[in-house]
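Protein chains in written order, with the UniProt record's numbering: chain A, 1 to 378; chain B, 1 to 378; chain C, 1 to 371; chain D, 1 to 371.
Keep in mind that a hint or two might mislead.
Claimed, not checked - On the chain C side, residues computed to face chain B include the following (Cβ under 8 Å): (1) 73; (2) 75; (3) 77; (4) 78; (5) 79; (6) 82; (7) 272.
Everything labelled a hint here was simulated from the structure, so no lab data went into it.
Every residue gets a Cβ at the ideal spot worked out from N, C-alpha and C, and that includes glycine.
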Amino acid sequence: MRQNNNMVAMILAGGRGSRLFELTKKVAKPAVYFGGKYRIIDFPLSNCANSSVEVVGVLTQYESVLLNSYVARDHHWGLDAKDSGVFVLPPREKDETGFGEYRGTADAITQNIDFLDQMKAEYVLVLSGDHIYKMDYADMLEHHKKTGADATIAVLEVPLKEANRFGIMNTDKNDIIVEFEEKPAKPKSNLASMGIYIFEYKQLRKYLLQDEKNPDSSHDFGKDIIPNYLADGKRLTAYRFKGYWKDVGTIDSLWEANMDLINPNNELDIFDLDWKIYTEDVNAVPQFIGENADVNNALITQGCQVYGSVKNSVLFTNTVISQDAKIIDSVIMPNATVGRGAKVTRCIVADNVEIAPGAVVGNKDSENILLVAKNVSK
Amino acid sequence: MRQNNNMVAMILAGGRGSRLFELTKKVAKPAVYFGGKYRIIDFPLSNCANSSVEVVGVLTQYESVLLNSYVARDHHWGLDAKDSGVFVLPPREKDETGFGEYRGTADAITQNIDFLDQMKAEYVLVLSGDHIYKMDYADMLEHHKKTGADATIAVLEVPLKEANRFGIMNTDKNDIIVEFEEKPAKPKSNLASMGIYIFEYKQLRKYLLQDEKNPDSSHDFGKDIIPNYLADGKRLTAYRFKGYWKDVGTIDSLWEANMDLINPNNELDIFDLDWKIYTEDVNAVPQFIGENADVNNALITQGCQVYGSVKNSVLFTNTVISQDAKIIDSVIMPNATVGRGAKVTRCIVADNVEIAPGAVVGNKDSENILLVAKNVSK
Amino acid sequence: MVDALGIINFEDSTADIEGLGNYRPVPAISFLGRYRIIDFVLSNMTNSGMSQIQVHIKEKPRSLIEHLGTGLHYNINSKRGKLRLLYGESKVMSEVYNHDIGSFIQNMQYIEDSNKPYVIIAPSYMIYKIDYTEVLKEHIASQNDITVLYKNVDNAKTEFIGCDTLVMDKDKHITSIEKNRGKYKTRAVSMEAYVLSKRLFIELVNRAANTSALYWFKDILREVCGELKMVGYPVRGYVACINTLPSYFKANMELRCPDIASDLFVEDWPIHTMTNDSAPTRYSKDAQVCSSVVANGCVIEGKVENCVIGRNVTVKKGAVVKNCIILPGAFIGESAKLDSVIVDKSAIVHHVKKLVGTPEAPIYVKRADRI
Amino acid sequence: MVDALGIINFEDSTADIEGLGNYRPVPAISFLGRYRIIDFVLSNMTNSGMSQIQVHIKEKPRSLIEHLGTGLHYNINSKRGKLRLLYGESKVMSEVYNHDIGSFIQNMQYIEDSNKPYVIIAPSYMIYKIDYTEVLKEHIASQNDITVLYKNVDNAKTEFIGCDTLVMDKDKHITSIEKNRGKYKTRAVSMEAYVLSKRLFIELVNRAANTSALYWFKDILREVCGELKMVGYPVRGYVACINTLPSYFKANMELRCPDIASDLFVEDWPIHTMTNDSAPTRYSKDAQVCSSVVANGCVIEGKVENCVIGRNVTVKKGAVVKNCIILPGAFIGESAKLDSVIVDKSAIVHHVKKLVGTPEAPIYVKRADRI
């Protein structure tokens, strides 16, 4: 194990993401497509690679064969060096306890204490597999060490009026956390937890084992572990994050996050060569923009063929936009095809969907974004 | 997916191996140490790599965190090229069926039909994770194609008097299987199934889905799927294997298999540079043989330090044999240490065990091999 | 799975891709925005199941060391297979001695050590798709000494100049090999790709060395034509020979068109390359793009017409780029008007207002130049 | 994690490991049965969390291309990091011009492109263990211009001949750098490993080039000694300088002993290398082995005493090998009696009955020689 490798990341990737409907029918939420060529989980995994966090456990649960085999190819993120690795950690049968599902975020880690022991973890970095952001976890670890904290929680300043939707950290003037409130009706602070924690492993191990035995616990970091730390007077510090962060829990927010990328000044900046987002290496030729195509304000990736008009839209790998088709304010996921003269407005078109020639889907005045998950005939 | 990649291997690695006692208390049987530096599952995995079978699913079930994280590092077997991969496939929660264990060898494959679909399998190679042998699966596939078989089963000639311990294939003169008998009281043939199958995937898929619905099935290849193929008049051919093959199910047979390697003319030949057995790359210096050491008829690997006498024994990685210690007819597993003047005879010493100076374990006249799984004091 | 050792040979001195060829060997030249020239021959080999491959190069190994790596991205199993970059290690007195025979002899140990009974030799500068499984199967069945890939063309008067052409009888036995000097329209152009037993290969290499210190492998083949049973094997589909700057320009321009490209890029025969992890390309509200191939990572704000644009290229608002090949990382500034120009990697075109070449003589802008 | 670009420099012409050095550059020479010399400096860097590393070599890149690969086995993340083998691509007129400054200048773009503010330069032929995290931390805190690693030795009369030695005041400020000509017993030998800002490094490289076309980096350091704040940083523990065949022999022999080796090989500071997937070593019933280090994959049937035996070596029954270093793949036949011999890779000692050298002048048997 290398020197800097004593922080092991554990990505919670078991979410169903049911508000993404058909997009999560066959894949877990962290595997949902995003940004033209990525999947959501590429972001925490690339962050790990770029932060020199070389051992990553991915805690999967629900319908995860695609997610499991996707993250298992750890060379996509350069996490295939000698002592590196992305390890898929689903619930499993054990000698003493038999078969069990993960009962909560903390329980998922508790059930993998043997993995953390085996990897000789010194620190544990708990991450969520379905948030989009760029963060240097090495810097967060530095902060954790410097403040002498028992645990460090990454926080984001949110508008105070929205703070009631988040887990809110109330801190003293040194950013020491004095209180944690889950979705408070009257928030006292605007520091929202991002669900990103660094713990000193040995101590966390004790808390987890205690929590496991507690029949009243929901085995959750926010609801159980953090309050226990606070109750014991442990030192919890807030690590303030500035920058783009998005939980794409709904079709509308997924659409918005994609649209954000078209803006050349967007904060996420996937063009930054010093913090690349790595993903699967697909075999696809470069995109082809045809003779009569008309492309503006668009994000388009390899394998696409555009013969029609694309405005303010994101095209994923291998999509085909036929002649005279119009794509407006939309997101077209991999391998989808839009037939001649069809018109797509304010939609997310799921992968492999075919929109027949002449078909019209979506509406420029619709309040919500339309998810097109099945083939559309004229 | 590359041209030759349409055969996907599925390694059944869920066995408890309970007759290996403490050796399988914390690891599944396929992860048990063998041959100085290997684990049992290195053999089927290296066979896959050497046969250009580039996509391998490992079906794990019981107490498998070590096995899972071991096989996940697919670069050990060179199975980390672009479209290659070793994929850990434990039982999982599904949209329709919820959580379920693997109910049998066939069920383990059935529950991973989505994986095989995703990998675009054309052929499925079913392997066992706990047998020691070298086989060219590409050659077996050639044979399968040439004979126009629906399924091909690798068979081994066993002494007729032992045939009642195996699944026996009764064949016609062209090696077409006409009958399958599980552990027959009166064997009609000496061709034992090695539990290695090649199936045409599309056809197998149908059989598996039918079998899944059959409440009377034990969901086993030998007991259910193969008989169903035969009942339907499908063409099943035997692929005759010649060479070393061993199921190391007991302490005695595990010891024997290790001892076999000391014989310079052993059939397994782990020294063959054209069919290397790949394994974990450990950080250990070359072995050191001390001034007063006495080493004969031994297989010793890197990291070992030998100051005493080693006769007819196998030393695994990082074992230390102190001065005046005597190791006779024994197998010493990784990181075990034998103190000054201690004597070990006809033993398997489990990993990390310490044998105190002057202690005496094992007996040259014992019928069975002694498994030493706990520290021994004088 | 093909039981042959692959040898990727380097081009002789008749191949001269001026400008681009000064900075890297031909196999490392960027092609169609995303690829390098060597990706095509290498993907042919690995897609055919070959896992022991040697790449012989004449000079400047650096760019290829990085592009090839250990071959994982070409699907080579790093334990079982081996992608080996071989490079003449002794100093060559004069450039004329820097030939393939010299490289084969210097690295003969690696050829002999291979456990494969056959060798398949091909240069990188011929671009096409071939399944060597079929070629080798036919080679073995027919008991020929040497199988030579060729392509029937009807533009030999203007293309493939300097290439070998095969003269064959009706059974495709090769009776002689002649240089294409542009005299005839239809010719059977040799792909300079050969299938033969390793034993015969080594024999011919030694024979070439003993015949003349200046001989290339193709020279000895020309000589043994009558003596050995050499047979042609036709290549179907698109073929390009990248041996001059105009032919490089032409091949890029042809393969822009999905109709032609679909001949070379098919789903079950991927062209592997080293990924760069570039973001998708962003088109601004002012972008005007048509009839162009654009790689990932670009920011396009200007006008792009009939172009091949490499990875991470910027075309600023106001720029007009027509019939151009822009290599990765180049920057085209606001006022630039380019027509029939090849801009090499990381060049910055900023202070030049207008550059106009022709397809027959495209203008070349040097690597990392600032103009 | 160290925020520095690593530069592994090549040795100057005072280093001459005769025989072994003819077939590969010094960093690629086999060491202690399992390793190559470069593994030590490279493991120091990657264990310190450095992921951008350049290896500059003078000639013969082939063996290092294969040994280094993309650096995965040294724990370099292939996406975020980069292990780059750099090799002067323009032809050098004469050997004296083939110096590190020339290589730095030719590859300056790759140095400038790095986003690291510091560089750490070290040659491969000094073997020791150091955590650069600590060195850089101290370098930054002390605001020195250059930190130079050194080792206090008391055998400078016979060892480290030709190496730079540091003259320091009591605060470890370096007042001058002098060559060790074997006059004094105790000296502070420079490890020729330097920590400095990238900006200053580039400045010094340019200054060296402008001063003399024959200058090495160490030459310019000697000059700026008074001008810049250069400070020594002591290395603790075992140090070997592999610059001659006898010193190579001695270091191998010393590190045979676990007591000495335990200084260099510790659990939390692994020495990474390219694995060979060799089987364990097999000792026959006739084997007689003592006081030796033996790598994997060997078959030992004869007598081996005080030796370092590389991977996949065969020592037949009847052979007697004492005080020898046998490199990987060599074969020692039945009747051979060897004492103080270095047998290079894949050599076959079969027809020679007796070869006896001395530790000061070990006999060298050439690579793949059959004697």
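Sort out which numbered hints this structure fails and list those numbers smallest first. Number 6 only.
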